[in-house]
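Protein sequence lines correspond, in order, to chains A and B.
For the first sequence, the numbering used here gives the first residue as 1, with consecutive numbering after it.
For the second sequence, the numbering used here gives the first residue as 1, with consecutive numbering after it.
A portion of the hints provided could be inaccurate.
[To be verified] Below, in silico cross-link-like pairs of lysine to any residue (SDA-like), each with a Cα-Cα straight-line distance of 20 Å or less:
#, chain 1, residue 1, chain 2, residue 2
1, A, K632, B, E205
2, A, K355, A, E231
3, B, K163, A, L271
4, A, K34, B, E205
5, A, K151, B, D206
6, B, K163, A, R510
7, B, K125, B, D114
8, A, K34, B, D154
9, B, K163, A, I38
10, A, K480, A, S566
11, B, K204, A, R631
12, A, K156, A, G62
13, A, K604, A, E640
14, A, K34, B, K144
15, B, K163, A, T266
16, A, K182, A, K355
17, A, K595, A, Y613
18, B, K188, B, P85
Think of the hints as simulated: they come from the structure by calculation, not from any bench.
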Amino acid sequence: MTATATASADLISMPELLARNVLKFGAKAAYREKEFGIWQSWTWSEAAEQIEALALGLLKLGAAKGDHIAIAGRNRPYLYWTMLAAQSIGAVPVPIYQDSVGEELAYVLDHCNARFLVAGDQEQVDKVLDIKDDLKSLQQIIYLDARGMRKYDHSKLSQFHKLQDAGRAAKSELGDELAERKVNLTYDDTCVILYTSGTTGRPKGVVLSNRNVIETSKSSSQFDDLVSDEEVVAYLPMAWVGDYIFSVGQALWTGFCVNCPESPETMMTDLREIGPTYYFAPPRVFENQLTDVMIRMEDAGHFKKWMFHKSMALAKKVGPKLLNGNPVSTVDRVKYWLGDKFIYGPLKNTLGLSKVRIGYTAGEAIGPELFDFYRSLGINLKQLYGQTEATVYITMQPDGEVLADTVGVPAPGVEVRVGDNGEIYYRSPGVFVEYFNNPESTASTKDKDGWVATGDAGFFEENNGHLRIIDRAKDVGKIKDGRMFAPKYVENKLKFFPNILEAVVFGNDREFCTAFINIDLNAVGNWAERNNIAYGGYQELSQHPKVLEMIKSHVEETNLSVAEDSMLSGCQVQRFLVLHKELDADDGELTRTRKVRRRIVEEKFSDLIEGLYDGSERVATTTEVTYEDGRKGSISATLEMRDAATVATQRIAAE
Amino acid sequence: MFDQPESFLTADGRTIGGVMMEMKNITLRFGGVVAIQDISFDIREGEIRAIIGPNGAGKSSMLNVISGFYNPQEGEVWYKGELRPSMKPFEVARQGIARTFQNIALFEGMSVLDNVMTGRLNHMKAGILGQALWYGSAQREETKNREVVERVIDFLEIQDIRKTPVSRLPYGLKKRVELARALAADPKLLLLDEPMAGMNVEEKEDMSRFILDVNDEFGTTIALIEHDMSVVMDISDRVVVMDYGKKIGDGTPKDVRSNQAVIDAYLGVAHD
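Whole structure, please, built from the sequences with the hints as guidance.
This is how it looks when you write it as structure tokens:
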């Protein structure tokens, strides 16, 4: 640890970190990718050679210092190398969400004036070729997987490996230039530009400097004692700051190995094969995993079911206490040990989480029940709170101080304060440089002393100093009777039910709260099959009387739990409907990181909200949908509105 | 190291070459029923050739003649410039002709991987003893065959069901596995019997893309039978149209579409 800490003074760029790793860990695996059914791997030395070849190839293409090189594709070592190759020549990598539709991609490419695009496959290339004429600055597209592009005009296309070969051939000619570019990098040069998906408005390009990334990677690695033997699985979008810090920043800082799955569909199998020791997943992934487990348990025999539920009840009681080091009776310890042998261990193995030493979740508040489920299995799952503008970290939970409803203490080097209106502000070495080409937004987010407004409302718990997030500051409101309205709190409780994929709660300035529910097609479809309920598709299933009945029971259960919190008891859902379509990022209803865009949902389905409040029994509606290839269509449906029982509580005003 | 996918791709670009297979005056009878009546056409190197026609037109019989499953009573089959004598299907397969079936013919109890591996049978030379003991050339051969199979699996994007028993797969995926098995044989000529039958629009689009990609990347000549006119017209280079065992049209999709006999056959006119 001390060796790396002292060395840090001179390590001021990503290429320098890479060179350090080649010296220190040269023969150790740095990247793995499953391809053709086998884990292919590259050591730090091999990776460095690949990166150098690509960097020379880019020089050969005429890439200049400060050029922006966009990257679009799924997590693959080649694309991580592209980021490092770009940085080696003084250019700036700009990773883009691979599932962006053409228009979004065009916006980012145009906004950052990208000169080069490195694309994973034909799908990404096609999106750009459609809009190529509008992009004045784009000169060359480099693609990885050649398939399907044999007939394309190759004047503006080059194949990744061929470009590397060209780079290798030009080493004698361009080697000095490359070395010079690397030497000229400074601590305050731009390291990467990450476009935030943004729950409102156009995406903004967050400029992070080498200082931001390296300081943050260093302090967060030390916080959790990350070592070079960690294994991580890189499966989250490369354009997301979390992936950049985990799979590039921390990986380079500590020298651990980054594993890329074979395809998004094989992710779970690949996760099991690798058995990561350091794992990050947004709540949604944990939710899906839990849903899968629950579905399979429903199909299991009576004895297995009984064992499972019995053990999980014990785990719920004992597991989190054991992890936090709280006192537990000897009898319970023995029972838990047995449970671990028969249930928890095999279950963790199935989930691919057996070896997880440190697990994090963030991006959205996680339902306490969901969080405790994983903790109770003995998985050291913790929460952190952060954003792109902070280079991820604002607060994080130290080992042994993990609570479901708070997000921990300020991360090392981060100052946090809560404003008068409840909004959270922070200042840290990770605070972003600026929004690219957007001084107004920069000025409105970051003040002259370097304090950044998060847009989230929260407070520090008095007894332990942990930060608790209530909701987005602008989403927190009041119900007509004056009680506090915090939709996310209720939505998270609803989403813990495996049958509910997404929920949107309304109630600001209204008499009472209502909700839109999205069913989880996997879970509800499986349930329908077991109960002999016939249905013709998502829409029909969503409006089936028995499904509505089931969702109603979930809503009422949620109301019971919401009523327990005296401050938020007004948020009980009195009426709800089940939406006829899944909320989708392609339709703009979710961000690319799958957060609900509340305003857009409100606008788009205003007729349905009206129906919920005017007492209608059912409302007919037509909704426009966008298909993955950008075509538009529409679906019509008649939606049932249902009432749900609420619990009367003493009225305590939010003040 | 397998990190260079191109090495597997043989053809450069799409060039439609000379005649690969020629059917000359084929007539096929089952007792008194004439399934195919005096039909001649050719299949050129590197093209996608479709055979279409209404139900009972004799399309599948034609494909079975090409694959050597049926021996026509009259007419000649020329393959790569040589007159093909009557052959058993496995001998035809050894000549580099692979096929898929209208009613999926996979080994239901076996995994996708094992099913696709069976496509490599003709490329396995090791003896029974070596195979049983997993020794020497048998081992090397299997490794090599597995590599080919894995490339096909990668190509058809079925990595996630590699180990799944075929019986658990939905229909559309089974069709894709069948295509994978045929491709694993590394065929020169690929025969597809109604590759899109019973599929929904999305599955049809996927399958069309795979067929085009196979043709494009491996340079495989493809002859396919299909019901769905729109798909055929989109992906094939030339089309043979059959009706009641006779050839009523032959040419590019555009020619065929404007051919009066074809329009009549599809829309229906009184047959005397």
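To see whether the hints hold, each was checked on the structure:
1. The suggested pairing of A/K632 with B/E205 holds, with an alpha-carbon distance near 17 Å, which does not exceed 20 Å.
2. With a C-alpha separation of about 9 Å, the suggested pair A/K355 and A/E231 falls inside the 20 Å cut-off, and the hint holds.
3. Of the pairs offered as hints, the one joining B/K163 and A/L271 holds, with about 16 Å between alpha carbons and a cut-off of 20 Å not exceeded.
4. In summary, the hint linking A/K34 to B/E205 is not supported, as the alpha carbons are separated by about 27 Å, beyond the 20 Å threshold.
5. For a cut-off of 20 Å, the pair hint linking A/K151 to B/D206 stands: about 19 Å separates their Cα positions.
6. Taking the CA atoms of B/K163 and A/R510, the gap is near 54 Å; set against the 20 Å cutoff, the hint is violated.
7. Straight-line distance between C-alpha atoms of B/K125 and B/D114 comes to about 18 Å, which keeps the hinted pair within the 20 Å bound.
8. For the proposed pair A/K34 and B/D154, the alpha carbon gap of about 11 Å is at most 20 Å, so the pair holds.
9. A C-alpha spacing of about 14 Å is found between B/K163 and A/I38, which places the hinted pair at or below 20 Å, so the restraint holds.
10. For the suggested pair A/K480 and A/S566, the alpha carbons sit about 17 Å apart, so the restraint of at most 20 Å is met.
11. With a C-alpha separation of about 17 Å, the suggested pair B/K204 and A/R631 falls inside the 20 Å cut-off, and the hint holds.
12. Of the pairs offered as hints, the one joining A/K156 and A/G62 holds, with about 13 Å between alpha carbons and a cut-off of 20 Å not exceeded.
13. For the hint pairing A/K604 with A/E640, the CA-to-CA distance comes to about 18 Å; that is within 20 Å, so the pair holds.
14. Between A/K34 and B/K144 the alpha-carbon distance is near 18 Å, which keeps this suggested pair within the 20 Å criterion.
15. Annotation: proposed proximity of B/K163 to A/T266 holds, straight-line Cα distance about 11 Å (limit 20 Å).
16. As the CA atoms of A/K182 and A/K355 are separated by approximately 37 Å, the hinted pair breaks the 20 Å bound.
17. Annotation: proposed proximity of A/K595 to A/Y613 is violated, straight-line Cα distance about 25 Å (limit 20 Å).
18. Under the criterion of a C-alpha separation no larger than 20 Å, the hint pairing B/K188 with B/P85 is consistent with the structure, at around 19 Å.
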